[in-house]
Structures are given as C-alpha cells and as structure tokens.
Amino acid sequence: MRYLPLTDTDRADMLERVGASSIDDLFVDVPAVAQLDGPIRDLPMHASEMAVERHMKGLANKNVAAGDAPFFLGAGAYRHHIPASVDTVIQRGEFLTAYTPYQPEIAQGTLQMLFEFQTQVARLYGCAVANASLYDGSTACWEAVAMAGRVTKRKRAVLSGALHPHYAQVVKTMAQFTGDTIADAQPAIQTEPDLDGLVSRIDEDTACVVVQYPDILGRISDLSKVADAAHAKGALLVAVNTEPVALGAIKSPGELGADIVVGEGQAIGVGLQFGGPYLGLFAVRDPKHVRQMPGRLCGETTDAEGRRGFVLTLSTREQHIRREKATSNICTNSGLCALAFSVHMTLLGEKGLRELAAENHRLACLAADRLEKVPGVKLLNNAFFNEFTLMLDGKPARDIVRDLADRGVLGGVSLGRLYPGVDALEHALLVTVTELTTEEDIETLATELEGVLA
Amino acid sequence: MRYLPLTDTDRADMLERVGASSIDDLFVDVPAVAQLDGPIRDLPMHASEMAVERHMKGLANKNVAAGDAPFFLGAGAYRHHIPASVDTVIQRGEFLTAYTPYQPEIAQGTLQMLFEFQTQVARLYGCAVANASLYDGSTACWEAVAMAGRVTKRKRAVLSGALHPHYAQVVKTMAQFTGDTIADAQPAIQTEPDLDGLVSRIDEDTACVVVQYPDILGRISDLSKVADAAHAKGALLVAVNTEPVALGAIKSPGELGADIVVGEGQAIGVGLQFGGPYLGLFAVRDPKHVRQMPGRLCGETTDAEGRRGFVLTLSTREQHIRREKATSNICTNSGLCALAFSVHMTLLGEKGLRELAAENHRLACLAADRLEKVPGVKLLNNAFFNEFTLMLDGKPARDIVRDLADRGVLGGVSLGRLYPGVDALEHALLVTVTELTTEEDIETLATELEGVLA
Amino acid sequence: MNAPNKSGWKPQMETSEDGIHTGPATTTGNHALMLEEPLLFEIGHAEVTGVDLPDIDESAPTRLAGLERSEPVGLVGLTEPETVRHYTRLSRQNYGIDLGFFPLGSCTMKHNPRLNEKMARLPGFADIHPLAPQQTVQGALKVIDELANWLKTLTGMPGVAMSPKAGAHGELCGILAIRAAHTARGDAREVVLVPESAHGTNPATAAFAGYEVEDIPATPEGRVDVEALKARLGPDVAAVMITNPNTCGLFEKDFRTIADAVHEAGGYVYCDGANFNAIVGRVRPGDLGVDAMHINLHKTFSTPHGGGGPGSGPVVFSEALMPFAPLPFVRKGEGGNFELVEEESREATRGQTFGRMTAFHGQMGMFTRALTYMLSHGADGLKQVAEDAVLNANYILRSLEDILHAPFADSGPCMHEALFGDKDFGGGLSTLDLAKGLIDEGYHPMTVYFPLVVHGAMLVEPTETESKASIDQFITAFRSVTERALAGDQSLKQAPYYAPRRRLDETAAARKPKLAWSEPEK
Amino acid sequence: MNAPNKSGWKPQMETSEDGIHTGPATTTGNHALMLEEPLLFEIGHAEVTGVDLPDIDESAPTRLAGLERSEPVGLVGLTEPETVRHYTRLSRQNYGIDLGFFPLGSCTMKHNPRLNEKMARLPGFADIHPLAPQQTVQGALKVIDELANWLKTLTGMPGVAMSPKAGAHGELCGILAIRAAHTARGDAREVVLVPESAHGTNPATAAFAGYEVEDIPATPEGRVDVEALKARLGPDVAAVMITNPNTCGLFEKDFRTIADAVHEAGGYVYCDGANFNAIVGRVRPGDLGVDAMHINLHKTFSTPHGGGGPGSGPVVFSEALMPFAPLPFVRKGEGGNFELVEEESREATRGQTFGRMTAFHGQMGMFTRALTYMLSHGADGLKQVAEDAVLNANYILRSLEDILHAPFADSGPCMHEALFGDKDFGGGLSTLDLAKGLIDEGYHPMTVYFPLVVHGAMLVEPTETESKASIDQFITAFRSVTERALAGDQSLKQAPYYAPRRRLDETAAARKPKLAWSEPEK
Ligand SMILES: Cc1ncc(COP(=O)(O)O)c(C=O)c1O
Ligand SMILES: Cc1ncc(COP(=O)(O)O)c(C=O)c1O
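Chains as they are written, first to last, in my numbering: chain P, 1 to 454; chain C, 1 to 454; chain D, 1 to 522; chain L, 1 to 522.
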C-alpha cells in the first residue's frame, strides 16, 4: 500500500525485536468483546490513486462551481480572486506539514508569519493586538462574548438583530450551558439599522453589545454611537465583521470605538470551500485586555546569540497549561488559513486592499442600480459595501433562488433561509457583488430575475 | 505592475546613482532607426491576473482534454496516470527555479537527482551510462546517429521503415546539412517486421542501424538478430524506444545488443502536453563510448571534507568548453522533465513498473480481441505491447479518426497522417491502450467504430 | 527577500561563544542556504502591490454612509517576486513531516498524501458556497454523507455530528450533547470526571461547558483506577472523559466495565478519540460502550496540520445522544437527494438538537481530504495503519527501554505511542535539553512534559508512515543523545547549535509581550 | 528520507580543519534543518512501490513475441511518504530564484510567475495529445498562433518557427534556414563568422550544421570590429552570428551597418536573442536588419529553468528566410479554423521548408506560460521590463566599478548585464574564490569565466524582478567579498563554509567518472 513503508520482512524483524509472535499480541489489552475477526465489513477495500481520483471527480462534477455560473452569494462567505502564488506558498511542505510551533528554534517560519499576520489583522481592525486565529467568525463571536463576561464580570450580552443569524445561533447555543443571558432581537427591515432600539436594550448588567459591521442586510452603521452608549453603561462593544475587504473602504471598528473586534477572514486568501475551513479573527483595541484573550499569541523575543526570534507566548491563558481555568478550550486553530490570508494580504498591501474595496463597491453600486430597475424589485439599503438586500414581490425569495439556479444563475442568498419564521424576511434576497462579478453577469441576473418574477 | 518591484522613487534614486537623467540615456547606443516612440502598437496593455486567467481558460476550454473522452492515442506520446506527488515535487521552488547546476555546492539537490535519474535510465535501457537528458526522443535519435558517425568514422545510417516517421524526418533533415547519407525505407505492412530486409541494407560503410522497439506499428522484434548483423559489419545498433513502460514487460534493448539506446521518456511523469516539453533519453551500453556522448553527465565525487557529492563532469565534450568541437550544441536540456520522470519511476520502482506494464498489456490484449470483432476491422499485429495497428475497410483512417472525434471518441492515430503518400497505410489505424483505459472505453470505441464503418 | 539584514545578527562577531559560527562571518547574516529574512513590514511599502487592480476613481460616488476610511490601514505590500521569496525563505526555517521524522506524541504526524490536496482543490469542492441552492451542491452533500458513513462504520456508532472544527470543538460538541440529554430528562448534573493524564482540552472543555471538573485517579500501571472511579460515581456526575488508547500509550482494558458503571449511575461516557490511529479498523469504540467520541481528521485521517490547523473534529454518538446532535446535518431526502437540515427545517427534525456550533457545515476542505484518504486505504488498509503504527511504537519502546526510563514498560504492549521519563539524567540536564539535542540531529522532538503524570515525560509517536530505516536511524540518534544526557554532557544545555535560531528567551517574551510590529522610534 | 547516514560524513570528527563544524558532531550527519540524504538506491527496495496496481497474473497469456523480460530491471521503489521526503530533502540542498538573488549573467533568472504554472496545468492544455484530431485542439493551436503573433510583433519580423526546443535548437533552426536559402539559389557557402565573445552554442551550432567557424575580431571597447568584419566578408561567408545586446553587456551600435554589409555580400544575419530581455518592447530586431533570431522563452518570457530545462527557442525570420522555416507550423485556415501544416499537407505549403527539427510542435507547456506572461505585462509592461532590467544592471555596474575591474565601463551604459574582471585580486585569489564567497553570503554567484574575452570574467545580470533593497544588499555583500579578494584573504580559498557541501573535487570526478550508482562490493 502506497502510504505504508513497512515491508513484511520489516514487520517480522520488528515483531522479533519486540518479542511478540504476531501483531495480535500487541492488542492483547483489547477486550474480547471488541476484537474483530478481520477488516471491518460494509466498507470497500483499498483502491488505487487512479480509482479514488475517478470517484472524487465524479462527486465534484455533481456540484456547480461558482466559477461556472453568474454568482451573487455572500452572507458571511465571499468569493474573491486569489492570486496563484498564495497556493504555491501554502503548499510548501515546510508550512503544510508542520505542527503548532512548539519547538520555536525550528518553527521560525510559522512563527514570524504569525507575528506578521497578527500585525496585519490588528491594523485592519484598528486594534492593538490580534491573536493567531480561531476556527471561524462565528466561534470567534462567541469567544468575544465569553471574554467580555470575564472582563466585565457580567453575564448578559445584547445582540443586534442584524448580526448574522448563524453567529447569533452559536452564541445562544453556548449560552444555554454557561448560563449567560442573551438578549437578541429580530432585524428591523428598514433602510437604516435601528441603533436606538439596540442602545435602549443596554443596561447595567450588560457585559457587551454585539454589532455586525457591515450588517447581515449589507447596511453600514456608525458604531461609535453604540460604543459610547455601551461604555456609558460599563459594557464592551464587540464588533463583528464578515467581509474584511470592506475595511479597505470604511473606517475600522477599532477606530469607531469597538473594544473587541472579531470576524471571518475567509474572504482573503482562503476561498469558499463550502463553509470551511475558514478563519476566525480576534483582536482587542486595548492592550490591557490581552491576558483575557482566547487562542494562541505569537510574540517577539531574542535567542541565545541575541538574534531576534519569535515564540508562542502568554500560554498561561491556554488549556495545555491552565486546563480547566483556561480562557478557551481551543487548541488546533486555523494556522494554514492564517498563512493564506497573510500571503494574500501581503500581495494586496495598503494599495491593493484600498483598490480592491473600491472596485467591489463600484460594481455593487452598478448592480444595485441595474437590479432596482427590474419590475417587482425594491432596494432596501441606502448604504452598503458589496452586498445589499432586495425586497421582491410575489414568490418567497427561497423559491426565487431555486428558480434562478434552474436557469443557471446563482442569484443570491434568501434571507428567509437564515431567518426561518420571520415573515418580513421571506421576500428578502441578499445580493453580493465582488471584483469577480462581470457587468455581463449583472445583466444576466437582471434578465433572469425579471423572467422568474414575471 | 505585480512582477516589477522597483517603485518610481527607486527608479529616480537609481538613475541618479547611475548619473543618467532619464532611462532613455541608458539606451543611447540604440540607433535612431530602431528607437520606438512608445509601447509597441497592435499589442494589448498589461492585464490583471483575473483577466489573463479568464482569457487562458477560454482557450483551454476550446480543447477536448484526453480525460474527457474515451482516449486511444499513442504513436510516440502516451497517457499514463501520474501520481499527485510528482507535481508536488516539481513545484518545489528549489527545483523549479534553479538553473543548470554550475555551482555544485548549492545544487546538490539537482545533481543527486540527476545521478539517480541517469542510473534509472541506464538500467531501464540495459546500458552502462545514460546522460542527463536531451530535448526529446526525436532529437536524441539524431544525436545517436551523429554519435555513431563519430565512433565508427562512417557517414551512412540505415533506418528501419518502422521507425517513427517524425524521428526519421528529423534524422533526414539534419543529414541534409551534415552530408550523412540516410538509407530509409517504407514500413512493410505485415504482421512481423521485415528484419531480413533491414539487415540486407547494412554494408561496410554503415555507421549504424536504427530500429524502433516496439515499432511504430506496435510490433515487437528481436533486436539481437539486427545487432549481430550490424556488429558483423562494424556498425552500431541504435535502438529507439518511445514507450518506456513497455520495458517493464520486455527485454531491454541493451540486453539484446543495442549499442546506443535512445528514446522518449514522456510516458513516465511528464504527461501529454500537446507534444512538449518532453524528455530525450540517451544511453550507451559500453562505457568506452562515454566520451563521445552528447549532453550533460552528472558524476560522483567528494568534497573538501571527504563527503560524497555530485558534479557535472566530462564537460570537455560540451559546447561551453569545446565550442565548435563539441559533441553536440545542446545546452538547456529537459531537467525538470527528468525530475518528473525520476520521481514517478521512484514511486513505481521495480514492482510498480512491472505491474504497470502487465496491466497495460492485459488491457491492450482485451481491446485487440474486442476490436477485431468489429466488421471491417483486421488486426495487423501478432505481437504488441500496449498499441497495435488495425486495418480498416472503406474510408481512409484519417476520416474515420475525424468521424470518431465527432462522436466524442479519440479513437487512435491514423498512420496515413504520419506516412503521407504511402497508400498502403491510408487505411491503418494505430490504437493505444493504457492503464487509464477502462473496459467501458473499449466498448464505446468498438461500438462507435462499428457505427462509423457502417 | 533580502533587504539589509534587520534581524539583529551581528556581522562583526567572528566566533560565537560556542564556536559554531567560526568561519568568516557574513555581512548578510546568511549562511549559504540558511537565509535570514526581515519582517514583512521592514521590506514592504504602502504604495507597492502584487495585485493589479484599476486605480481608484476618487470622484466616483460612494454609498458608505459617510464612513469612508480617512486613515490608512497601515498595511504594506510586496510584488509577487518579493512575496514568493519572503515566504519561501521563511518556510525554510520550519521543520515539517516532509523534511523528516516528526514523532510528536498525541499529534499523529503521519504523511499527508498529495492526492488529498489535489482532490480538495477541484473547483467542484473548493469553489462552492455554503449557502448555495442545495440542488447545485449535491456532490458536496454526498461527500459529507459518505464520510459520515465511514466514521459511523469504523467506530460502530449510530450517529455522527460533522460540523465540529477540531478536536476540542468536538469535545465541546459531545459534552454539550450530554448536558442536553440530562437537561432533557430534568436531571441536572454538575461534575465531569477527567483523569490527570488527560489532554488539557478535556478539562478546559468541561469547564467551558459549565461543568466542575474532578480528577479520576490512576493506577501505578498507568490506567484508570476502576474501583476509585466507581466509588466516585453518583447522581452529580454527568460524564467521564477518558482517552482511549490513553495518553500514557496504553489501552484502557477495563473501558467496557467503566462504561457500564457510568451508565449504571446515569452518566455518559465521553471518549477522547485523538488516539484513534492506534485502533482504527481493528477496534470499534461502539463495542466499548462509548456515548460520544471526537475524531481528529487531522490526525487519524491524514489531513495536514498546517502549522497549527485547520483541523476537523466530527463526533460520533450513541443512540442515547443522537437526538441532541447539533445543526446543521445532512440527510438523505426523498428521491435519493441529499438535504441539509438547518434551523429552517428544524421543526422537520427530531427537534431536540442542542443548537448550532458554527456558522456553516464544518470543515469541507478536510472532509474531501479525509474521504480521499479513507477510500485509498479501504477497510483493509486502515487496519494495517493501526497495526503498523502500534508495531512502530512498540519497536521504539523496546529499543530504548534499556537506557531510558520507561515508566509503563511493564504494563503490557504500548499502543501507537511510547512514553519515557527523564529519570537519571546527569548534570542537571532535562527532557528539554534532550529534545533540543535531537533538533541538531535533524529531528523534530517528541512531545515533552505531557502527559503530566510522568516526570519529564517524552511521548514518542512514530505513526505508520515511517520506514524501518527511518526509525532505526532515529533510535541510533536518540540513544546517542540519551547517553549524553545520562552522562550530563553540558554541551546539551546549549543545544540546538545548528537551527536557524539558538534557544529563545520565552520568559522575556511573556514578561514584556511584543505581539505586533510597530514602527521603530527614530 | 533518513536511513543511516551513507554520505561519508564522519561523525567522530569533532572539528573540521576550518572549525565550522565545531559544536557537537551529530550521529546522523544532519545539522538541524540541513539534512543529509542517501541515494535512492540506498534506501529503496525492489519489492516496495508507491503506486497501487493489480498484482501480476503470471498465468495471463501475453503477445510479446517471446521477448518477455526475464531479468529484473534493477530499479528500486519508495512509498509516497518516503518519496516526498527524499525529494524534499534533496530540494533543500538547492538554490533557486525563490530563495534569493540569482544574478547569473546571460541566463535571465527572473521571477517565474505562479499564474503561468497554474495555466499550464489546465487539463485543456496539459492533457491533450499532439496528434489529436485538429478539431479537438483548436484552443491549443490558437495559443501557438497568439504567441507567434506576439513574437513577430515584438521583434518586428514577418515570420516565426515555433518548434525549436531551446536556444541552441533555435540557433540550429536559423542556421539551417540560412543554409537552405543558399542551397536553394545554388550558392554553396562554407563559413559562418562568430565573435570570440559568443556563447559556446553559437560556434557549436554552426559546426553541427556543417559550417566552418571563423572568429570575428572585437574592438577594445567590447563591440564587433565593423571594419575587420567587412574586410572578411565574401562569397564564402554564409552568415554572421552576433549576439545583441552582446555578452559583454553592450548594445552593438553598428548592428544595422553590419547587417547591410553582410546582405551586400550575399550572407545572412543571425542574431542570438538570448539577451532580448534588455530591449524587449523597446527595440525591434527587425529594424536592425536581422534575418533570424531565436528567443529563449525561458529567459525573456519567464518560463522556469527547472534546474537545466526545459526551455523553448522560437525563431523569428525575415521575409528572405521565411519560406525555409521548418515543419510543422500553425496557419489560419478557411472559416477561421486553425490548421497544423505537417508533412501530410506539405505540398499545400510553399514547399521550401528545410524539414522537421522535432517530433511534434514544440514546447507547448512553455508556450502557455510565456503567453500568460506576455498578456500579464502587455506592451507597456514589457517595455518597463527592459527598462528596469537595464537600470538595475547599470546601478550595479556604477556601484561596483570603483573597486572592481570593469573592462567596458567606459564603453557607454551597459544593457541588462554588468561585466567585471578579476584584475588586482591578491594572494592568488581568483574569480572562483570570490564566487564561492558569495555563496556563503546567501547568493547564487554571477556567471563566471564567460565571456572568454575578459580575464576572470564575472557577468552579473540582475533582471527586472529584483527590488532595490535586494540589489543594495547584494552590492554591500559583493563589495565586502571583493575587498577580501583584493586583500588576498586566504579564507576565501576555502569558501563556501556553510553550503551543504564544501568545494567538490571536479578533477577526480572527470579522471575516474562514476556516472551511475552500482551495488557496493561486499
Ligand atoms: C489527546 C488529545 N485530545 C484532544 C486534542 C485536541 O484536538 P485539537 O487540537 O484538534 O483541538 C489533542 C490534540 O492535540 C489531543 O492530543
Ligand atoms: C548568449 C546565449 N546564447 C545561447 C544560449 C543557449 O540557449 P539554451 O540554453 O536555451 O540552448 C544561451 C543560454 O545559456 C546564451 O546565454
């Protein structure tokens, strides 16, 4: 078998050294009830690379790749062009097949990369310190709520109604067990987010307010209002961002007063991948909060010869040292996705990110203008970055998405799918446009949408 | 521009250091007649990675990839399964972006690989020494004829009629200029190659006889007969192999007495690539001929600390030292293809190569039996490895190939295309079968062939 | 990239105190192929980019609610040539499985097959959106379903949750299901029992889920003390978390007995499956009474560790816990189509799900790799995997026990890991010194100081993808470094000598944390 | 792979005479990330394979004419894990552009864009057969046609032959066309004039094509001596082969005059286009009277060198030579379809073709890369390429001429290469010693001892893909090594100190050539 180097001769020699007469002798401690008489049944036997490749390609061909159809999906997962050199770098065996850098002398590659990544994320978010990544935006969101609880010693979190419903679900799921109370709400279907309503829910027991920026309907609101209100009540503002490219065009959450900024980094370097692996970003504006942060941190130091080097640091926060007192149970994080993000961000740089953001916004404005003209379509947003909400007449949006797909167009995300049971959103379609969207794609969507709505 | 690191500030600073007022000052030596006033017209300006990718994918989609249709082409270029790890290795920047190993202390990776490659090729061919590669099988074939001339001091080469016509063309093209005489012939359309006819053409002025093994019609003949005849006349036997996988099943040319063995290595590790880059293999049975070999040779030596190391050696044969007296003008060869070949051959090993050959032959026999049953089809070969010649009734083979393609089947190579004007071959179709061919593919070809012939 | 050396390396230094940099010092700080690399922010520029995009039209109207960015982000860019070189040079300062033997205990650093990487990159898998209309992603849903089926069959468990993102996330999934099950029957319990030898994520997870954590005593032979455990069981104990094979490298013989006792007492059995590689294809945890167990696809099923992740930690469940599994999950719908069950169709489900753990459906990119790996090995190959992994570990244990303290060498054969301690080291040398000595020999050290139950623990996990030649050379090197440690060879205190960096000052790093680059004050 | 160290490294050695291996010797011969690697044949086995195939059915009938192999081939195999590790470890003993500055003169070691690699691997390009029915490869034929058009437009030449496989093969193509043209008009000529500064392939090619080679004298300023050349022209001279920009790094000012004189005398002008990178997009050789010129796609157009190849050497032709271009070639047929003109349709062609140079249509894999590169840069970008390449070279020339002998520094600006000599080196030190000193500094040395016209020549070609920071650091390092060379620092004689190997004994290698591995006698 192509992945197993031991030959039968090797096995015999080794058993002899071990003093066992057969391999079964090494499994004597397994109780009889659990001893099997041979390979597990109902599973295929080993297969050649050729055969496996045929099988997997067969499955892949059953999917419609985003590149093969006009594509307008977003809602927390964004499709951007990833330069070819990103994949070259992450396929380097020294990065791909390394473990968490526990032996820093032979892990400086990963460590320096993480230090650079942390700096990029902190700057993007307008924060002082970012960690070395978490699983994804939604778990980062919960970690932020939990951290706010540790910092404020309070157990109540207020969620904006326009926080990604999956993120809200994750927070609420965890809270069931930790005993935190989560005050969430339905999103107000209006051109501007209902910040006053949100602020009014903050009280003296509130550990944090969680606001998405831009929000799930694509709207952009001035976080500083919420920050002031929260701070006035001794609560922290947790800002959530699912589209990092947006921050090339709009002010950073940190700049607007967010205390903890978390988000999904997938849009840069990682790709769609049907939802995972993604990249949880986590940063704090005030360095004094560092010791309450979850996850790994890479720090600068020097070696025995005085040369600069990097190590994982402040691990007394972590499970492998602190065990049940750790700030989080996370161990394996999203290292390689962080590398992909960092490489792509390095290629973009300040100039590229700003231009990429501008191009996304330009095309999104173009699309909004065009789609608004389709009979039966209303544009909800005044403001948006690269995605916006359309209110559709007639059929529920989920059916329209399905019909568009039948016509070969991946037309958007039905908000009804994300907010089951919220009638007001049954007819809302979230449409996303990136630099990969062509004007031709926009025209196609407009035409097919018209056809479907007719 | 994404590949150009100099900024305008850099350029200004550098011009100053250089003492030039503008970049034009550096091109003063270009005569006025050749000075252009700006970017060359009639060519597009620079484009983003996204845009270029769209354009190239558009072109790629205009081709039918071999993987997307039942595929039966060979005739000097063979499609085999290449393990995924081969590409991983050849994409390592240290291999991909290195130059010819002129500085051995920092090129041991390439050099040791070449030493291993030379050993693999020599053993596959049953020879003492192989070189570090030439361009492809056809240029290797000419180099062999030229070398035979140097060794024997004679200027006449006898070509078997069943030598790949493109190879024969290359030899004849070169001979026009070197003044060698080439005695070639038409292939005898019969189940067995006409060895007696070949032998009868050898005379006292003959430097070498060139025989393909297996030959262009897929036939296999016992080279030892030709070897003896050639040696009796003081001529060398040059054996040409275009399908290295075959040598996992049949005796090596060296074993049968060939003096120089050359061939195409593309079938192992390199892939089809529409004909290039390919891999010219060149080996000699008798070490005494080494100093007459063309191309680079890697040899073993030791370093100043007594450690084993490798260097390019015997370069006094080569153009960069010997200039007009060199054994060949070749400089850049097929280094990375040699690496791909060596990695794939390492994965196969003795066991894998033998099994791969057996599987190819098994399926080819299956296909021959099935296709023979198609009305209007006669199998020419008694013996073959993984390709054989079918004689077809009715339309010329080239039309049948075209009609099959219209039915979505890449059915084989029309020998009429390779031997224009040789009427006897107008109706001959060369069909190739490899481990990638499924029994379903064979059935499809049989059915469609029946349809086309009807 | 090679801007003037900023790393603090001192060119003037002719000889470092230990003499290894004798030979002329270099002005660049480079040593031939061992190359120094400045930080991105020291070589990049705000106006440089490696991505060609249209220039910004400042006059174009925007709809950004007046929140247009006014300050620079503070990023720098590199062109593609500089980028590729920066990361290539960094990568060369890393050790990975592709370079050599990486016996990091508990981490299963096996070879990562390249076919996995190729399959995961097929556009049909890599370029599909998690919220795409389900009729356009049937192949992806089938991948999840096929993988789920493999996992259930290999473990002999009826259910599986695919969304957990890594082992620790899987632990959380299992513990939450247990908690939900108790809550569902109105049986509030506060305690989870965890052995001291457990991985840190176990107690951390239990605490994260709101439980108190109590220790399970161990026997001198390195296994759970069944009697003591039984004695502790009671109405307050929600679950036990036991790693099997355990972190001492031993199989928990009495697991079944323990499981029965726990069930008896109304609790559930969580099994940490990180060590599944020792038994995959040979032993089904379902036959041992497990209620929930996570599987690290990035260990047993060969998906790459990537310098810290991503991983994937699906959790298999017993009948008792299945109803509480998280959303979303894939199910075969009518007409053989696959459906994704989400909140939207929650009512359509058994409805007892404890909720959602992550935004989407889990680590699809790891699923395609793991499924590719499983299909390659098949049931017979996976059994061989376990057998070779265990054989390699026992071979190492028996080849070193004569000179290295092996606390549980008499507790029977080890599973896929060999555990040693630092007893008898001379001259104040420690496990750390030995580990650093192995670095110079060209190895990544084993896991050190874990599990906590053994002094100066060294946990060696060879995995099945090492050749005998590789292991034999490792044993030779390990013996020679061990001899130096026993002899108290002080040169070990300075090791490593040949790595890109000598020992790094971790105390300084933690005392005054520098966690992001900042412009040096001029 | 790490089987017991077979490389001859001596573990017992505590300190090598130069002291650089002080610090404990290792049993493996490894030094942390600098890993020794045995030969494939020392670690592989005949019964091991990394490819799963059906076992051979010995009983199956064969149709092999009784020539079934009876002897083993003598190959060994490795599993995939061992294979990936073997080659990864080997690769780490190599220097490449991705690692650092690689100023190898005349080789144009520019960055190899990764988009090129990605595009070349699209199945529509990588997985098509050279003899596939033409209606199934229209996209491939269009790639050849588009690339041909770029080359003709960039050079201002009417025709191009795409099939030559590398530069030298392209030279051959050009020279054969010239010979065919003369023959066609019954004008037999025997001599080709080539300057001494020319690359070895020039004279070798002329000889290979059956010509006598004669030297063209040069002026002290490093250019062709026009008067001397004119004096030599006559009815026996078939062609001149001139490299422009030439290998001394200078533009041949009088190229046009030379060309006119040669044409006057009935000869043809072959231009070696290896240095096209200096003028691409800025100067069209067609405007200088060139009849034939090869273009190394693996230099100017960024296809990777791959440790020695493959390359690609299309040849552009003047009207006079076009009819003699080789087969096959691509032509736009009726209905806008592309046709491949081969022997089959030879009669359909102008029919004067000198024949075929290679089995198929040339280096398609390089065509897709080069076209991707050209489209990325565009006409404006390529002009910038030439300008930056020339600027970088002049910057280096002017930054070093004060301490290093620069023979042609006063002949005007250099083009894309800066040429130096070893005049004034002390203590018997040579260009070679300086080159080896640069290796320790982390650089690949420049081209040395070429061109032959300068003593101890050092030809430095930075290319346009180096940043200023990179070049500045190189200059600093180069100056410091030069100062050591001028001062006669004997430690340079031992360099390199830090590479995987110290200096290798090339004389021994050639005296008793060992060109293949053989089983050691027991
Ligand atoms: C025994 C054990 N349990 C749990 C874990 C946690 O798994 P992960 O790192 O995937 O979260 C690990 C991984 O290090 C482990 O070794
Ligand atoms: C000036 C010059 N001419 C010709 C050649 C030969 O080109 P190739 O190596 O592609 O055959 C080279 C390449 O080294 C060269 O530098």
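Note that these hints are calculated values from the structure, not bench results.
A quick note: this is a predicted structure, and the numbers were derived from the prediction, not measured.
All residues carry an ideal CB built from backbone N, CA and C; glycine is no exception.
Treat the hints with caution; some may be incorrect.
[What the hints assert, rightly or not] In silico EDC-like pairs for lysine to aspartate or glutamate, Cα to Cα no more than 16 Å straight-line:
#1 57/C to 68/P
#2 62/P to 55/D
#3 253/L to 25/C
#4 468/D to 402/L
[Said to hold, decoys possible] Non-contacting residues of chain D with respect to chain C, defined by C-beta distances greater than 12 Å in every case (computed):
#5 49
#6 56
#7 225
#8 228
#9 286
#10 322
#11 332
#12 336
#13 448
#14 514
Evaluation of the provided hints:
| no. | hint | result |
| --- | --- | --- |
| 1 | 57/C to 68/P | holds, 12 Å |
| 2 | 62/P to 55/D | violated, 39 Å |
| 3 | 253/L to 25/C | holds, 14 Å |
| 4 | 468/D to 402/L | violated, 59 Å |
| 5 | 49 | violated, 7 Å |
| 6 | 56 | holds, 15 Å |
| 7 | 225 | holds, 47 Å |
| 8 | 228 | holds, 50 Å |
| 9 | 286 | holds, 34 Å |
| 10 | 322 | holds, 37 Å |
| 11 | 332 | holds, 27 Å |
| 12 | 336 | holds, 23 Å |
| 13 | 448 | holds, 31 Å |
| 14 | 514 | holds, 28 Å |
Figure legend: structure checked against the earlier numbered hints; hints not met, in rising order: 2, 4 and 5.
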